[in-house]
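**Student:** Residue numbers are given in our numbering: position 105 of the sequence shown equals residue 253, and the series is strictly consecutive.
It should be emphasised that the hints constitute simulated quantities derived from the structure, not laboratory data.
Everything hinted at is true.
Simulated DEER-style distance windows between Cβ atoms:
{"no.": "1", "residue 1": "Ser303", "residue 2": "Gln190", "range": "34 to 42 Å"}
{"no.": "2", "residue 1": "Lys213", "residue 2": "Arg628", "range": "45 to 53 Å"}
{"no.": "3", "residue 1": "Lys516", "residue 2": "Asn290", "range": "48 to 56 Å"}
{"no.": "4", "residue 1": "Arg462", "residue 2": "Pro569", "range": "34 to 42 Å"}
{"no.": "5", "residue 1": "Asn360", "residue 2": "Ser456", "range": "51 to 59 Å"}
{"no.": "6", "residue 1": "Asn565", "residue 2": "Phe322", "range": "22 to 30 Å"}
{"no.": "7", "residue 1": "Ser454", "residue 2": "Arg308", "range": "48 to 56 Å"}
{"no.": "8", "residue 1": "Ser505", "residue 2": "Asp589", "range": "17 to 25 Å"}
{"no.": "9", "residue 1": "Asp602", "residue 2": "Ser347", "range": "43 to 51 Å"}
{"no.": "10", "residue 1": "Asn360", "residue 2": "Asp602", "range": "31 to 39 Å"}
Glycine residues also receive a C-beta, built at the ideal position from the N, C-alpha and C atoms.
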Amino acid sequence: MTNAAAVLKASGYIGFCLLFWSVSCSQTPKSKPGKVTVDLLQKDFSILRKTLEEAHPGLYWYSDKLTMDRYFDSVRVHIDHEMSAFDFFTFLLPVIAKVRCSHTNIHLPPNAIAKGSVPDGLLPFNFFCRNRRVFIREDFLNGGHTGEEVISINSIPVGRIIDTLLKSLPADGFNETYKYYLLSPGAFREGYAAYFKNSGVVNIETQNAVSNKLRSFRTILIKPNELPGPRKVFPPWLELKYRPEFNAAILTINSFEIKTIRFRDSLAGIFKTIQQKNIEHLILDIRENGGGNNENVAELFSYLTSDSFRHLNRAEMNGSNFTYDRYFTNRQLPAHPEGLPEANGKYAVNNRYSGTSFRQPANAARFKGQAILLISGHTSSAASEFAALVRFHKSAVIVGEETGGGYYGGTGGVYINLVLPGSGIEARIPIVRIFNDVGQDTTRQPAGRGTLPDYTVIPTIENILSGKDIQMEAALNQIRKVP
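Generate the whole structure from the sequences, applying the supplied hints.
**Tutor:** Put into structure tokens, the structure is as follows:
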């Protein structure tokens, strides 16, 4: 599937972030300046709903049609007043989240944002969010609050804020680790501004992690251009390190968004070297991997198994007739080339994915020692498909947090880009649904969840601030257990 993490970085955490960097002026006819009329908003909603119903192959994966129809109807009733494009955007975010698909998202193009309609006051912090708790990871103003847990903002309990934002962020099925991945680097800060619309100064109550002492303070909100620039240098897509004291290799793969030939050649060289060095333990780290090329999933897995295997057991699409295709920016999009029609109205498109064919294990360079897989909420799309294969075939001990992508499959591959004519909001809708070739075991792997680790290890704010990688330490501890 498409690299979800790369898409999110480009679009600003599902549209929250980049909106605050643009204030170009746009007005809709027959409305107040910066406002879109009720009629146009209702039409936009109808276009979005109809296109989701016709195109999205996973719309009824986690909720049946009757439930979704009732939900759509209940939402439309509330489109009874003019809204700015930005307010309509925040209105639609929970609708998109209801689809329960991390590859489905919306955003506003700069020329659709009415000047002054986008709140530009941001909390001057970076956060770390887990399990409905929020910690200040970095204080941009004076550093005096780093490490403190946020209890409330302007007397609003942080749990209520988190609940609002979780309902507005998409994820596969009922997964939340992926949503917390989005919240921590920016979506909490930008989402708070979008939904709670404070300006000037806010009151914050925090609790000290060591003394448990509560404190209250006031802080000014800052503009987007006052945020520090990105400091992180994105790591290479592939990195190999050795830990001689463990006779171990650590292979970090941060993306599958690499051409298959290059990926295959790189792996061949790496596993040959690992074999020549008589490495007995391999830690595969895909915690930062947001997916990419499906063929690379099978390529990597072929080095961890001695049996033939299949990555996917099925790929399907809906029909090809779209009522509102005139609003697609990619009008030449093939609906289901060479797809096989089925009785349920779907089209089988297994031919589009090499993963639906059985694959043989790698040659003599196949790794035969102990393998450990590190996963996290970042692990999504094709990377989560790889994790699912590893868990199903028991090819490695899995350490970390639940993957962001679904264990049983997901949607993606090919996308519709829909522009709603009234508001200018753009929707990105996947039209392929894939099913991982893993058995059904809803006791060990509940429906609508990501791949669950064998050993759950969740970092704390103290770990983050000290730079201590407790998940990697847990992986190394698995090596120590081997006699």
